[in-house]
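Asker: With the hints as your guide, set chain B onto chain A.
Just so you know, the protein sequences line up as chains A and B, in that order.
The first sequence maps to residues -3 to 419 in the working numbering.
The second sequence maps to residues -3 to 419 in the working numbering.
Be a bit skeptical, because a hint or two may be false.
Same chains, same label: a pair holds when it works inside one copy or across any pair of copies.
[What the hints assert, rightly or not] Derived pair list, reagent style SDA-like, types lysine to any residue, alpha-carbon separation capped at 25 angstroms:
| # | residue 1 | residue 2 |
| --- | --- | --- |
| 1 | Lys78 | Arg62 |
| 2 | Lys360 | Arg338 |
| 3 | Lys340 | Arg16 |
| 4 | Lys173 | Val238 |
| 5 | Lys386 | Arg16 |
| 6 | Lys336 | Pro7 |
| 7 | Lys205 | Glu318 |
| 8 | Lys251 | Val85 |
No wet-lab data here; the hints were simulated from the structure.
Chain by chain, the residues run as shown.
2 protein chains.
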Amino acid sequence: MAYGGFRELTPVDEAVDRARALVRHRPPIVEVPVGDALGRYVAEDVVAPFDIPPFNRSVVDGYAVRSRDTFGASPSNPIVLKVKGFVGVGETPAYGVGEGEAVEVSTGAPLPPGADAVVMYEKARRIGDVIEVLEPVPPLGNVSRVGEDVRRGEVVVRRGTRLMPWDVAVLASLGFKRVRVYDVRVAVACIGGELVELDSVDDVESLFKRGFIVNSNRYSMEGLLRYHGFTPVYMGIVRDDVEAIRAVLEEALEKYDAVITTGGASVGRIDYTVEAARSLNPELLVHGILMRPGRANSLAVVRGKPVFMLSGFPVASIMGFEALVKPILLHMVGAGEEPKPRIKGILTRRVTTPVNTRSYVRVKVYTREGRVFVEPLALTGSGILSTLIKGNGILIVPENREGFDEGEEVEVVLLRSPASIEP
Amino acid sequence: MAYGGFRELTPVDEAVDRARALVRHRPPIVEVPVGDALGRYVAEDVVAPFDIPPFNRSVVDGYAVRSRDTFGASPSNPIVLKVKGFVGVGETPAYGVGEGEAVEVSTGAPLPPGADAVVMYEKARRIGDVIEVLEPVPPLGNVSRVGEDVRRGEVVVRRGTRLMPWDVAVLASLGFKRVRVYDVRVAVACIGGELVELDSVDDVESLFKRGFIVNSNRYSMEGLLRYHGFTPVYMGIVRDDVEAIRAVLEEALEKYDAVITTGGASVGRIDYTVEAARSLNPELLVHGILMRPGRANSLAVVRGKPVFMLSGFPVASIMGFEALVKPILLHMVGAGEEPKPRIKGILTRRVTTPVNTRSYVRVKVYTREGRVFVEPLALTGSGILSTLIKGNGILIVPENREGFDEGEEVEVVLLRSPASIEP
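Next comes chain A alone, as it looks inside the complex (with noise of 0.2 angstroms):
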């Protein structure tokens, strides 16, 4: 298939089951504090060390008995049984309950020997050292089962997880004070002359009119991978030269995990970034993408480690990292994707897009008199930041459409919940 320069355009998941199959490198695995571990992904499933509860216990405050003593018990037949202590929490029961007989036991206190359940304050009379049953109570009421919560050697904590608050509070429950995760280092490396670090500018509108513009896909790549639970390394901006991209992907590969390139890689000039990913013999080099906007996005295995190349246009890179990067990244730390928040609505305006190519366009999801209404902001041209700020969803166009009409119902991906339009 001829398309745009490109030899050969590669569907989006083909490219990623593809890489998916030849990336074999493994990120390491660090052991944080459980405290610190917070939105990073466990590196091995982690198996409950003892049961919880680790003992029968009693659930409310009563009198530890044998159920089938209480069987026929009534308020006009109560059942007379004798008190032979009290058992608190955290004691060691010092008596056994035998027939006829009761231990007093406190909410959380372990169930003597020979007990099998609870009867109530409120469900006996006591009277000196005895106490009349005034309801039968059946095995195990008001007790909470050995290992009834957690059992010992159950997978509390699944490989891959992405860790979140609760994660982290069952963990510390158990006594984990550590938790080994894995640490995915990924460099980032933006390619092209025009390229400024915001650091070194003083004025901006000026650098524009000149031609240059800020590097701001290293803030947008940086920060996709933070939001993720992978660690950045930012490698600079690097010239428009196929020895010098091959020399910062070479150390990139000897040091990390995954390459994030920008830049570098796009229609109708030379492909520097992906001349210098093949200079490498890759395992797979995927050049274009039937994605759009993102058609010039690229990627390779190059000694099982992924080499994202993607272009520099800001929204194009940004629907690469989700299309390519995210996919691959959380496959290597055996992780499924994370649930995204969506939406209906009914589309304000016709969106064509070209077919065969899963096209991601920008909304701005709204709300009028109770419906929800979605809008496309520009594809292409100019409005490279303004989808950005005025986009708050994606609609994503699967390869078998073409588009949809206006007045159609889409199904919208959120990025920020939608605003309300009153009129």
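Answerer: Showing chain B alone in chain A's frame:
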């Protein structure tokens, strides 16, 4: 209304609304490097300092012309224009374009005075120092107008926006090296004589047997705060003692922007924390919320700052964070709720919840043969950790329902993507 030991319980929305109306404190603002601003809340509107593009510029390689000079051009009737020179990217045009004239321009170059459109190379034939234009170009054809992308003075990031990777990239593009964000520090104090810090535990199983537990609420609260872009400040474990709690609240209110306590506020025993808050002459004291789990959650506003007194039960305090803490902290920074991933599925078992109460039922969402199922996990009892481990969603039952029937379609907030369970 008398209910389970509380004099009066307050509906979730009413508690939040009353607190929002009384929280007058504004968190301090700090200026941070734009590269460190990911996930933070912007403290004031950010306005574009200049137009993008900063001038009318060509979006193709070709010839800048007066569009009306090209009207009527065709391959059989080409219009001849004189080429006066060349303007590249970053150059200031040395030539104007008069009638019958053209100036060669490269992509991104500014339009020379007089020109209002660009003829692409492909639509002209160059012969020495003239061109034959083969096709007319409309006014502004192949031109990106000044301010078309971003207009000077336009708000590019609004106060209260939580900065996502693309926002950071936009700020960098516009030359913002630093950005003013809220610095919200929230004190976390955990109340209860049964609590032990993870770091000081050697044998958690024996700790459990002795009636103590690891203070895991510290980790869930710190994690939830960080996850939502706020800074936790841990104040330690506090014993069940009104004076001790009051001293911690005083210190926290003096130094920080909000306070969260866990424990010390339960049914059936003295509500130490609520008593301590009451002694501080609060502007608002809501004791007990119509939510489940989390009926014991309470909140106060003291000196314009919110004090969240959450249950000591892990799940109840996590739900209390979701229902009470998050909306009020977001309000303090001018932010709205972020969208949540949701999914619809068939309920596998009847769920019964108390009326007039907002219930948060932990569920396990899974797919089988392409259909989505929602399995409720234990609501109460000993499933304290396991519902956190096994659940991947929350079914919120609103106040006006008493549950849902088996087989009913329900919508669930997804915490993790559902597993596929194939038979």
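Asker: Since the copies are identical, ignore which copy is meant and state whether lysine 336 and proline 7 lie within 25 angstroms (CA to CA) inside a copy, between copies, both or neither.
Answerer: Cα proximity of lysine 336 and proline 7: one copy only (22 angstroms, versus 29 angstroms across).
Asker: Check lysine 251 against valine 85 for me: Cα-Cα at most 25 angstroms, and say if that holds within a copy, between copies, both or neither.
Answerer: Neither way: lysine 251 and valine 85 sit 54 angstroms apart in one copy and 37 angstroms across, limit 25 angstroms.
Asker: Checking lysine 360 and arginine 338: alpha-carbon separation at most 25 angstroms within a copy, between copies, both or neither?
Answerer: both (13 angstroms within a copy, 20 angstroms between copies)
Asker: Cα distance capped at 25 angstroms. Does lysine 205 pair with glutamate 318 within a copy, between copies, both, or neither?
Answerer: Answer is neither: 32 angstroms inside a copy and 48 angstroms across each miss the 25 angstroms cutoff.
Asker: Evaluate lysine 386 and arginine 16 at a C-alpha cut-off of 25 angstroms and name the case that applies: within, between, both or neither.
Answerer: Neither way: lysine 386 and arginine 16 sit 34 angstroms apart in one copy and 28 angstroms across, limit 25 angstroms.
Asker: 25 angstroms Cα cut-off: does lysine 78 pair with arginine 62 within a copy, between copies, both or neither?
Answerer: Within. Shortest intra-copy distance 12 angstroms satisfies the 25 angstroms Cα cut-off; inter-copy 108 angstroms does not.
Asker: Tell me, please, which holds for lysine 173 and valine 238 at an alpha-carbon limit of 25 angstroms: within, between, both or neither?
Answerer: The answer is neither: 48 angstroms in one copy and 31 angstroms across copies each exceed 25 angstroms.
Asker: Regarding lysine 340 and arginine 16, is the shortest C-alpha distance of 25 angstroms or less found within a copy, between copies, in both, or in neither?
Answerer: Answer is neither; intra-copy 32 angstroms and inter-copy 30 angstroms both fail.
Of the numbered hints given earlier, the model fails hints 3, 4, 5, 7, 8; all others are met.
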